[in-house]
Structure formats: structure tokens, C-alpha cells
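Okay, here's what each chain looks like letter by letter:
4 protein chains.
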Amino acid sequence: MEYSKSKLSEEKVFKDPVHRYVHVRDRVIWDLIGTKEFQRLRRIRQLGTSFLTFHGAEHSRFNHSLGVYEIVRRIVDDVFPGRPGWDKEERLLSLCAALLHDLGHGPFSHSFEKVFHLDHENFTREIILGDTEVHAVLARVSADFPKKVSEVIAKTYDNTLVISLISSQIDADRMDYLQRDAYFTGVSYGHFDMERLLRVMRPREEQVVFKYSGMHAVEDYIMSRYQMYWQVYFHPVTRSAEVILTKILHRAKELHRNHYSFKHEPLHFYSLFQDQVTLEDYLKLDEAIILYYFQMWQEEEDAILKDLCHRFVNRHLFKYVEFDPAKEYRKHSELEKLFKEAGIDPDYYLVVDSSSDLPYDFYRPGEEEERLPIYLLMKNDELRELSRESDIVDAISGKRRTDHKLYFPADFIQDDSSEPAIKRQIRRILEI
Amino acid sequence: MEYSKSKLSEEKVFKDPVHRYVHVRDRVIWDLIGTKEFQRLRRIRQLGTSFLTFHGAEHSRFNHSLGVYEIVRRIVDDVFPGRPGWDKEERLLSLCAALLHDLGHGPFSHSFEKVFHLDHENFTREIILGDTEVHAVLARVSADFPKKVSEVIAKTYDNTLVISLISSQIDADRMDYLQRDAYFTGVSYGHFDMERLLRVMRPREEQVVFKYSGMHAVEDYIMSRYQMYWQVYFHPVTRSAEVILTKILHRAKELHRNHYSFKHEPLHFYSLFQDQVTLEDYLKLDEAIILYYFQMWQEEEDAILKDLCHRFVNRHLFKYVEFDPAKEYRKHSELEKLFKEAGIDPDYYLVVDSSSDLPYDFYRPGEEEERLPIYLLMKNDELRELSRESDIVDAISGKRRTDHKLYFPADFIQDDSSEPAIKRQIRRILEI
Amino acid sequence: MEYSKSKLSEEKVFKDPVHRYVHVRDRVIWDLIGTKEFQRLRRIRQLGTSFLTFHGAEHSRFNHSLGVYEIVRRIVDDVFPGRPGWDKEERLLSLCAALLHDLGHGPFSHSFEKVFHLDHENFTREIILGDTEVHAVLARVSADFPKKVSEVIAKTYDNTLVISLISSQIDADRMDYLQRDAYFTGVSYGHFDMERLLRVMRPREEQVVFKYSGMHAVEDYIMSRYQMYWQVYFHPVTRSAEVILTKILHRAKELHRNHYSFKHEPLHFYSLFQDQVTLEDYLKLDEAIILYYFQMWQEEEDAILKDLCHRFVNRHLFKYVEFDPAKEYRKHSELEKLFKEAGIDPDYYLVVDSSSDLPYDFYRPGEEEERLPIYLLMKNDELRELSRESDIVDAISGKRRTDHKLYFPADFIQDDSSEPAIKRQIRRILEI
Amino acid sequence: MEYSKSKLSEEKVFKDPVHRYVHVRDRVIWDLIGTKEFQRLRRIRQLGTSFLTFHGAEHSRFNHSLGVYEIVRRIVDDVFPGRPGWDKEERLLSLCAALLHDLGHGPFSHSFEKVFHLDHENFTREIILGDTEVHAVLARVSADFPKKVSEVIAKTYDNTLVISLISSQIDADRMDYLQRDAYFTGVSYGHFDMERLLRVMRPREEQVVFKYSGMHAVEDYIMSRYQMYWQVYFHPVTRSAEVILTKILHRAKELHRNHYSFKHEPLHFYSLFQDQVTLEDYLKLDEAIILYYFQMWQEEEDAILKDLCHRFVNRHLFKYVEFDPAKEYRKHSELEKLFKEAGIDPDYYLVVDSSSDLPYDFYRPGEEEERLPIYLLMKNDELRELSRESDIVDAISGKRRTDHKLYFPADFIQDDSSEPAIKRQIRRILEI
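Sequences listed follow chains W, D, E and R, in order.
The numbering of the first sequence is the working numbering, which starts it at 1 and goes up by one.
The numbering of the second sequence is the working numbering, which starts it at 1 and goes up by one.
The numbering of the third sequence is the working numbering, which starts it at 1 and goes up by one.
The numbering of the fourth sequence is the working numbering, which starts it at 1 and goes up by one.
There may be inaccurate statements among the hints.
Any copy, or any two copies together, can satisfy a pair, since identical chains are not distinguished.
To be verified - In the EDC-like style, the derived pairs of lysine to aspartate or glutamate whose C-alpha atoms are separated by at most 20 angstroms in a straight line are:
(1) 327 <-> 341
(2) 263 <-> 301
(3) 379 <-> 357
(4) 253 <-> 431
(5) 263 <-> 385
(6) 306 <-> 254
(7) 405 <-> 389
(8) 263 <-> 353
(9) 88 <-> 391
(10) 337 <-> 206
(11) 340 <-> 254
(12) 306 <-> 280
(13) 253 <-> 391
(14) 253 <-> 341
(15) 306 <-> 144
Hints were generated in silico from the structure; no laboratory data involved.
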């Protein structure tokens, strides 16, 4: 039988705390899950440093990737079949793109990307198109199948309906992670009626739309998303750990540039330091590797690297205060000066971090972030943009919220064994 | 104020998916949580290799330790106060013992203990009594406090009621892990009415007992425990991963004994190989470290070490068949012979693994495992052993169940590129 | 289009707390739900007097009937199609039988059946075969369809597989009520993994069987059932209310026999009193009607009827003590005598009530209650009776448990304004 | 011991699906629950006609009243003690007011109040102050205690903090019903983190306030409330049943005014018809009584009463279309005319029903509905009105949403056996 149509003799299931079971019938999907590139996602946490705030948030991207697949599977197997606008030939492509959409993520992606100028989306494409086990499986389907999967994930595929299943303001990716992250952190936000959303989803040529009767479930989803961003994803303790992690990477890179001799050689980091990472190098990285180095580096000579690694490993994080960069520019300069005088390098120990979110937006052509709006399917078959029907969504639509905080090591500043006068001044400014 | 009575100015809470919140008011507890020895538990999974079967089971021992503490906190703060038999001076000791009871666990404890002759209970004691941050905190309470905590965990403390809170057939340890492991794996077993159990718990001089009116909740707990053992803890896929992990450790040790030259030097393993592990060595171990080596060893020369590490990292596990060691002894010998002839070392690739559990037992003096029975407190204040009142518990009491399985690499045996005739014979015997 | 195949233009859903949604596509099912005989089930509580113990247990038989339908729908639409042994022509019949299986239940069935010699199964048959809206719908399918539905419910239909879906030791009826009653009472028993049970169900010529791999889910179901019986269904407070209700009916019947002149005429009861209930009379009964009379009868002259109704309406229930009818026969006679002397009629105020349950049984030919065993489908396609494979089920199989209690009005006996000496004696015997 | 301080020898618990357990230690509370006026709440559904839309919504006001009590109990026992602003002498008063706040509700209150000019708040006061079992219990506490309880419920008590526990924009009443109604209907709205809300509640002289750190939990509560209003409380099917119920009452009153001779005498209604209801009359009413009459009236001569009762009992409800009373006034007049011509009385069969909600409001002095705002307690101990801090709440604050629908019997209008031309015209206007 044709590989693309080949089914397992017996359905395989994964026990999943969020969707109860993840069901696999397609041999292609089963084979993809077994590849080493996909298994590697087990060693990368879904929420990076959040486990230091929410101790339950230790779940991996493997976990989430199966979940996104399962949601798309339900859509393409239970909701779309037989409806106009849906081309059933796109089924397997949709499933593969859902499963693999996060494949290029590395350990603590956000920090690594920033410091080493990486782009996980590029790696996703490279894994799918390169010399990998994943590529081999996809290529068995057809010669151009890997490219199609890659295009869906890169949002350049010409059937935008397929893209919208995994990349839009309401898609399987977000639906899974909101619920999953809520489950593992244990917060009571993140709940919405996914069953209902699936029931009211309809395929349209351009994108997925939602029957008007499900508008309240869509509203609820948007509110959940909003709460999860501010309660979980932007939690200041998580940001504090992220700040330290970023500074560790900066410091290691800086030391390397200055020909510092590491006690424990950073073999896995050389190509990163030189901005010359190959796919092979990249695939060797995972959180176990990174944590291994951080632990070893607790014994380095360099005081900053050593201290920051110690902080990360043992969760001695930075404290924070609210900070308004627009109004408090001078305060920041003054603190920088005082930190230097106190012998605390402000480049590593005085950090402004900002979080910003736009809960929903309709389409604003020409703006930086063009976001496809959510459409409601009215009884007369007309489409209407969500915020025109929903008072609540209208109220928050397009309203960006940004928070800034200033992070610093409170223990250093409270340690009066050196420079007590300067530190007193710092404390007065920080009001701690 | 006395350190042992010192309270935080504001209660701290941890969001916990199982107990909703873990509450900390005591400074001693807060300080213990912040020690590096306790934070290290974040890097050790509660269920070892189970995450390869249940992808949600990525939660750490840190997670569980807080949970046990929270259950004991509810008992000593909400249930016991004011009841005869309870000495409120034991409160802090109970809380510390609960929090620290698993402190000595290392990465994949079960396998490491077997191969390297370690004992995590010894390490727990050493951490509590040795030169550690945990010891420093406990010693601030009083000079003999570390010893008392250690005795409670070692079950030698003279107030056996305190011991029974964390080590008996129904204790805070089991109550937490059954619920927690059920939550993170997503299985529907593991549920019982802990609220009710807490409500009917009563202190007695010897141990915790349960009011007769809560008997059904106790029964339910025992059934949950039984199901979790067979459905989760002894799951054959988990056992398969455990078998491979144990064999990796064996192989590395064997290679070291034979002066094999590792490409990637096993620095963290030397003292293990020589059965000379110090506390300092031990505390450096965690799952990140171990996984780091396993990944590096995928590139070793030694074919067996390389293959086994590859299997573990990429989840290419062994298959299994039921096996009765009593009746099928000859079959096993024959398979060993055939494996050797086929060039597959049976010491590493043909493994019998047994799981065995006794769901509940009353007291059988003189027997190998003397287990304290569960007592019901009758209306007339008499105590009666559970199985005398509960038909269901009586039915299963003392009935040990044991399962044996034979694990092997199905891919090797199905690969007919070498020794096809022998492999055919192996397959016939294994009925695969 | 043929009525039996007719589908609604759009699927209808009922929001259901247990199954999330109940889905209806078949016009026949939709029409049946709309009949007045089915709507009448809204006015009959699923758990009779249990709401006086568990205040959440106010759910109706309408609720449960939809649930049983939904479970069977999932079996015949998602699990059975395409499997040998399943005749898809039986689909609609299975759905209708599931929906209608409790149709003949009246208000507080158990008590009414006992006192007035009714049989709800007869009424179910009469409603299905008689001149009713339900019959009219079923007859539109085909002339013999009502008879077939009736036979499935009466367990005389020749396809025993269809019968086993709703009447066996593990069927859709039990699966729904255990979960539903647990949900509405709020108890933590009653949970089992129905998703898994549905996944491992297989049709066989004789009956539904379960794949061996699902054995633990079956065990869990049996334990849930056991706990629900003793924790909820046989709860002594519920039994106390049931005892009073039964005595009210007895008293009213007795008064009528004795030509007592009711202040409030029992129009709805006349045919009951005379054991001449027609279907028309029966269908007029529901719990609102009965409660109406009980409220009115609080103002009757007859002291016993008045008192019992007052007790039921205002939840002034009887107290109880354990009672062993075999050993304590004399005690009972003595109490009867003393009650009479104290002017408290023992026929109404001293009641022995017994509860008895057999958690599971294999087939014992010739015995009173022949129960079809649960079969496991082994890998070699052989069937094995559950208790031969499951240690736990074997341990409890065939073990009947019976509890007896003696119910009485404690307030009467504690009221020493009359016959204090006799009452003191009664209290001594009852140990209250 | 003083009655107000008297405790039960053993705590009593009610199993509750929402709060797990409701705990009672105070004898006063236990005695109140046992009164016949409180037990009567078992016979009045919390959500009136909603059970005809959501079949799980069969829970009673008894259910909810215990829940409100339990939330207040947690506040006054676990959260407030020891905090400035809280007078512990108000504890019992708060508990009693919480338990009894809905005591005066009758069957289907909304419709009854409208048609018969009743006010359930008056009845609550009358029950508490009149010659009732409830009054007797309260008066045992102290002579002025009934009056104080009554004042708290009537919002005239001078300690407004106590009032705010059960009557404010975020109080125990709303917190219970949102969760409870969500649980029993099974909808996925209505969830918010009550545990967190309770943790951040603080007593202030004027009212309960919430620590700033809990702002997101408050936001979530407000969104839940919004969704529950539109998804559950204002559900058009529920409104349809309510419309029919109101029209039944109108019709019966009208018939009585016109000296119609009822086949089944409406004994319980006479005082209602004459707007002369005494407390005694009122307490005899409950839903069983009302449903009894509706069933009997299905056999009345009057075609309208008979038809409407038949519709209500058998759930043959009115259909509806959107309707804008401002713009579609002429359409309505035309329909009225056509209905009359078709022989369908528009007074009973063409009904405009409006639902309107204000999700949150800050204080607008002088406006019709002065609502106390929700205050956040900032770190500097200042109070700030919620909408000034919360973007989301600000966005919806003060925005009233109103929906209007037109209800009518679609079956009548589709029945072309009489006046087919007129009915065709009606259908064209209604677009059905």
C-alpha cells in the first residue's frame, strides 16, 4: 500500500493528561514520532524557566507537539470531512505540520536565539529539508512532501486554510498550549471549551472560521489567553530566571571572545560562540547538556560566570521592582553608576526586562504585526470580524499592554561588608 | 524570636496542581526549600524512566517532596491539634522529616543503587547530618534536631506516631505520590478521597489510625495503590527503559574495569565505578549529568555501550514477552546459547525482569517484610486491624502478585542480514 | 427518506455534565426525546430519596437516560463499526433501547412497587407497546420495531449482544449511573476509565467482551461499583427516608381499606390502593404529584400519616442501630412489645431494613440470580472469565455482603413526657 | 453554655459537589438547617426553568444556600480572624445571614413576583421576624438577633463589611452560584480561582477588598460572571419556558377574575389571585405544588390555559427570533393584528422578552442602580477602584448589554389547517 495511506494494524495511543488519549493510526505519524529529532523534544521543556516559578511546569515540547497533532487530527478527521472548502488531500500534510511545528526549538530557545542569533524556525526548516530521520520519513510520502510541510510551518503554503490550523490567532497550537500549560502549572486560568470550539469550526477557503453560535467560547478562549500571558508566561520570577540565563550565555560568549581559559571546556558552545552553528551541532543541544555546563561552570574562576550559574542552578534569582523606562531613565543611569562604584557589574546585574502582549487584534494593514483576524460565520453565511460582534473583544482589541521591570541581585546590595554607603544609596533608590 | 518558632512575615505559597497550593509559614521550612541540596531534587524525576511510557510523567522529586510536606502540614495544623496522643512539640520535626524524606535520592535511583551498591537512605542521613546547607538550617533549630529528623526518616525515632505520618501502609508519602503520579501521567487510577482520610485520621500513641466511618475511603486508597502499581509503576515499557539503563551502567563499569579508554571521560562516574562515592560526589549527580554522558557515549567505540545509549536517548526500547522463570528455565538457557551464536551478548540483550507487589498486609511477625497494619478506630474506642473489618481488603491481604518478563532487542532478532537461521529459531522460541 | 435512516439537518446536542455533550443525529431519537412519556422522566429523580442524604443528588432519570443513550451511541458509532460480530442493522434498535430502558419507572419506584405490587419493567413494555407517543414514533420505523425494542429491554431479544449493551454486569446503564451519581452526589468514588473501557470493548456473538489489555479498567469499574453501592445507594440516611416513605404508602393504603375519610382526597392513589392501576393512571404519577399529597397529608387527622408525612417533607428522619436478625430476634420482639406499651405503633415505627450486594459473580448455573460473567478476550482470541485472570475480582467474586439496620424515631423515644420508664427501657436496649 | 457559642459535639459535614464538604460546628447553624422553612428550599430549584435547557440544572436553593454559608464560614474562620477591621463578634451573624439570604424565595420566583406582585425579600424578612421555626432558633441567640440577620440581608445593617460578604459585586452569593450553576449545567464557563480570591480578601471598615496581587483572579471572576449570564441565565430556551410559565399564571389569574370555574380548584392560588398572600400561604408553595397544578390544568376546558400547561409540562416551548423594539415597533403591531386574525391570542402567544446585564460598574452616584465598586488594596495600603487598574475591566465597565427576542408558538403558525394565508404572511414577517 502507498506509504501515505498506510495505517497501523492497531491504533496506538498515548495517555495524555490534557486530551486523555492521543490517537495514532497513520504509519507516517508513528514513524515521525520515532525519529531521533522528534524524541529530542522530550529533553526540551515547553516553558523554559517557568518550572522555577511553577514547580509543575516541567513538561516537554514532545508533550505539546503530540497535543497539537491530536487537536488537528480531531479537526481533519471529525469536523472537516464532507464540508465544502476542505480538501481531504491536505489531511496528512496538516497532521505532519501540526506534529512538527516546534521541531526546531532548542533548549531555552528565547535566550539562545537572542544571544547567539539563532532562529528556531530556520532549524525547523533545516530539519525537515536536511539529512535527518524526519526528512527520510517525509520523503517516503513523496518527493515534494517535506517541502510542503516546511511551507505550512513557514506560513508560505498556498492553501492558507491549512496554515490557519496551526498559525492564527486561534489555532491548534495555542489551544493546546494554553490548556497544557494551565494543567501542568496548576493555575485555574487557561480553561475554555475546546469541545465547543471544535464543534463550531468551519473550513473556508482562506482560513478556519467559527460559527456565530460559538462566539462566547471564542471570547472565553481570548480571555484565557490573556490571563495565561500575564499570570504564567510573563511571571516576573520566570523572567528573573530568564534574565540570569541570558546573562550566563552572554558572559560565556564574552569570556570566549577574550580568550578566557575555561576549566571545563565548552565543547558544545564553540560553534555558538562563533555564530557558525551547523544543524548537526544544534541537534546535539538539549536542556540536559546546557544544565551540565551550568553545573560545571559553578566551579569556574570567573566570578561572574560562576555566580550566575550558581544562581540559576540553585534558584537564587534576582529580585525586581517596577520600572518605567520612559520616565525613569535618569534613575537607571544613576543606578548603573552606583553599581559600578560598588563593584557590581551593571551589564550583568542590573537588567531591564519588558513584557508586552496584544490580546487580540483585527487586521491593520501595513502595521508591524499584521495579524489575521478571527471571523465569525453568521447565519446568512456572511463572515464578520470577531470584534465587531463581541463587546468584550472589541473592548480589548488592539490594546497593547507592556510591563517593564528592573532586575538585580538583592543579596549583593544588602551585603554591607563592602561599600555600605553606596549600597545604602542603591537601596534607597530601589526602595528596598 | 527562637528560630524554631519564627514565622515568615507573609505566608508563601507554591502553586501546586495536586493540592492547589502548598503553604509555608515557618521560616525553617522556607530556608530548607532554598538549600542547594533540596533544589537539586528539581533535577531528578519522580518516576525515573516512566516519562518514556507516559509523556506527562516529567515531574520531579522536588514536586513530590513539597506535596508530602503539605499533607503533613494539614495533619499537624488542622487535624491533630488538641487531640490526645498528639504532642504539639513534634510539629516542626514532622514537617521537616516530611519535606526531606527523599533528599538522598539520586538520578534513576533504582538502577544506580543496584549497579553501584548505593543506598539512598544512607545519603539522606548523610545530607542531614553532614556538612550541608540543609544541616546548617536544621542545626539552627537545636543541636540535636538534625539527628531527630534523620531518625524519623530512618524509622528509629522513639515517637512512632511521627514516623507513621511518613512511613506506613497509609502515609503522607504514598498519599501524595499516588495522586501526583496519577495527575502527571493522566491515568484515571490513583484517585481516592484524601479530604476524607484526613478528616478521619486520629493520633494514637503508636501510630496514626482511622475512624471506622472512613473505612471505605481507606479501601479506596488501597485499591488505587494496587492499580497504580500495575498500571504505572510496573508498566513493561517503563521496565524496558529501566533494563536498558541498568545495562548501560553495567557496561560502563565493566569497560572501566577492563581499562577501556573512553572517548568522553566519565569524570562523574569514577568514584561510582570504584564503589567509593563520597557525599560530595553524590550531590553532583543529577539526571542532566547522566543524560549528558549517555548522549556523549552514543559516540563511543564500544558497540554495546554505544548501542544501549542510543536506545535510551532515542527511545528504541527492548520488546518483551511473558516469562515464567520456574517453568521456562530451559527455554532461557537455550535462548542464551542462541543469542551467543548469533553474536548478541545475552548478558546485555536478554534480560529477565520481575515486578512484585503486596497490596496490603497485616502484621506477620518474623516475616521478611514486617509491615505495620492499618488500624480502624471503632466507636467503642477499640482498634481493629483493617482486614478484619473490610471484606475487600481481607480478600487481597497478604496476596503477593509477581510478574516476570523477558526483554530483548526485537530489531536485532528481526535483522536477517546475519545469522538468519539462528535468528529464525530465536523468533520461533519467543513467538514473535 | 426512510424514517429509520432520517437524520436531522443539523446535529442537536445536549450539554451534559458527565459526557460533556450528548449528540443526536437520528430523527427517531430526537422524536422520542420529545414525547411526553420521555419528558415525564424529568419529574422522577434518578436516586429517589438520596437527595435527603446528598443534597446534590437531585438529578432526574431523564438525565440518566440520555447518558445511557450517549454511551451506546459511542459504542455503535465509534467502536463496533466494521468489527466481526456486529450487525449494523441493530444500531437504531440499540440506541432506542438504551434511551428507553427506564421509561416505566415511576416516582420512588422501589417503595411504590413494594407497597402497590407494581413492576416498572411491565410499565416500560406497556408504554412501548401501548397507545402512547413513544409507540407512535417507534411504529413509524416499522410495525415490529416497538416489539423489538421491548424485547431488548426485557432481555428476550434473540441477539444477546444487543441486550448485553444495556443489561449485563458491565453495561452502558451501569457505566452511566455510576459516573452520574458520583458527579451529582459529589463523592469521590464512582470514577473509572470509561474511555479505556470503550476502547477495549469488542462485539462477540453472545455479548460484549473486553480485550485483556483493559482488564485493570474493568477491575476499577467493579471496585467503583462496590464503593458506590455501600457509600451511596445503601447509605443508611437514604434508607431511613425510604423506610418512612414506604410506611406512608402503607398507612394511606391501610386507611383507605378502613374507609378512612381523607381531608384531602387521594385521587391519584385510588387505583393504586385497589391494585388496579392502568397505564394512563400510572403515567400521571410523578414526584411532584406525590410530594403534593405528602404535603397535604401533613394536615390529616390520622396521627401516623400526618407524622410520617411531616417527617418526610421536613427531613425529620428515623435514627438507626446495627441489627443482626439472626441473633437478635428476641431483642426485636421485646422492642415491639415495649413500643406498643409506650403507645408507638411498631408496624410503622420499628423497622428492619436490609441491604445486600454481590459485587461480581461468575456464572453459577441453577442459582437464583444467574448472572452473565464478564469475559476477557485474550491475545489468542480465546475468552476467559474475568475472575480467572483478576486476583482482585477473584477475591470478591460471589461474596455477598448484607447489612441490617433497625430504624426508629429517636425523638419519640427520647420524649419522656409520657411513659418515661418504658422509654428508658427501650433506650437501654437500643443503647442510645 | 451560651447558645450562640454552643458547638456540636462532633462536626457535621454535608458532601457538596462544589466545595467538597460543607462543615458545620455551630449548633445555631445546625438547628437552622433543620427548620422546615429552610428544608423547604429543597423543593425550589436554584435556576427555575433552566433545567429545560440544561438537563443537569435540577439543583435546589437548599444546595446553594449551604454553599454560600460555607464560603462565608471559610472567610470568617480562616481569612479574617486577627485582621484589623474585622470584629469577631459578627461571625455568627455573618454565617446566619449567608445561610438564610434566599429563604424567602418561592417557586419560579421571577414569574410569580411579576404576576402576583410579590417580593421574595419581604418574605425573607417575614420568615426571619415572624412566627416560624427559623425565628425561634435565631431568637434563642438573643432577642435582637433575628432583626440583625434581617438587616444584613436587607442591606440596612450598620456594619457594611458584613453586608458586603453576601451582597456586593463580588460576594459569597455570586461566588457560589457561578460555580454551582456551572457545575450542574456542565458548562465550561463559571470557573475562577476562588481559593485565590479568598486568600487575597481583606476586611476593611466599609467592605471587603482584594489585595492587588489578586487582581487577575478578580478579572477572571468578572469574565466568568459575564459568560454565565449570557450563556446560561439568559439562554433563550430558558427564557421561552419562563415566558410560558408567566403566561400560565396570567391566564389563571385572568380566568379567576372572570369567574371561570376550574375543574381542578386552585386552592393554593386564591390568595395569590387576590394579592392577599399571607406568610402561611406563601410557605406552602413550592415547585411540587405548582407542577401539580400545571399537570392538572392540562385537562381544563379553557384552551389557552390547557395549551400553555401542556407546553410547559411536556417541554413544547415557543420559538424565538431576534427583535429590536426600537426599530421594529410596526412589525410587532402588524404581527399582533395578524395573530388576532389567525385566532391566536397575541397577549399569550406573541411575547417580547428582554435580557440585560451590566458586567461591572464603578460607583455612579445618583444613578438608578448604585453599585458599590470593587476595591483593590495596593501595596501602600491605598484602595483603588478595580477598573482604574484593570484594562479588561475598564474596557467593559459600565457597558450595559441588552438583548430582545420575540417568542411565539411555531407549531401554531406552521399549522395550515386554518387560516393558511394569514399564517403564511406571519411566517414571512418572522422569516421562519
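Non-conforming hints, listed in increasing numerical order: 1, 3, 4, 5, 8, 9, 10, 13, 14, 15
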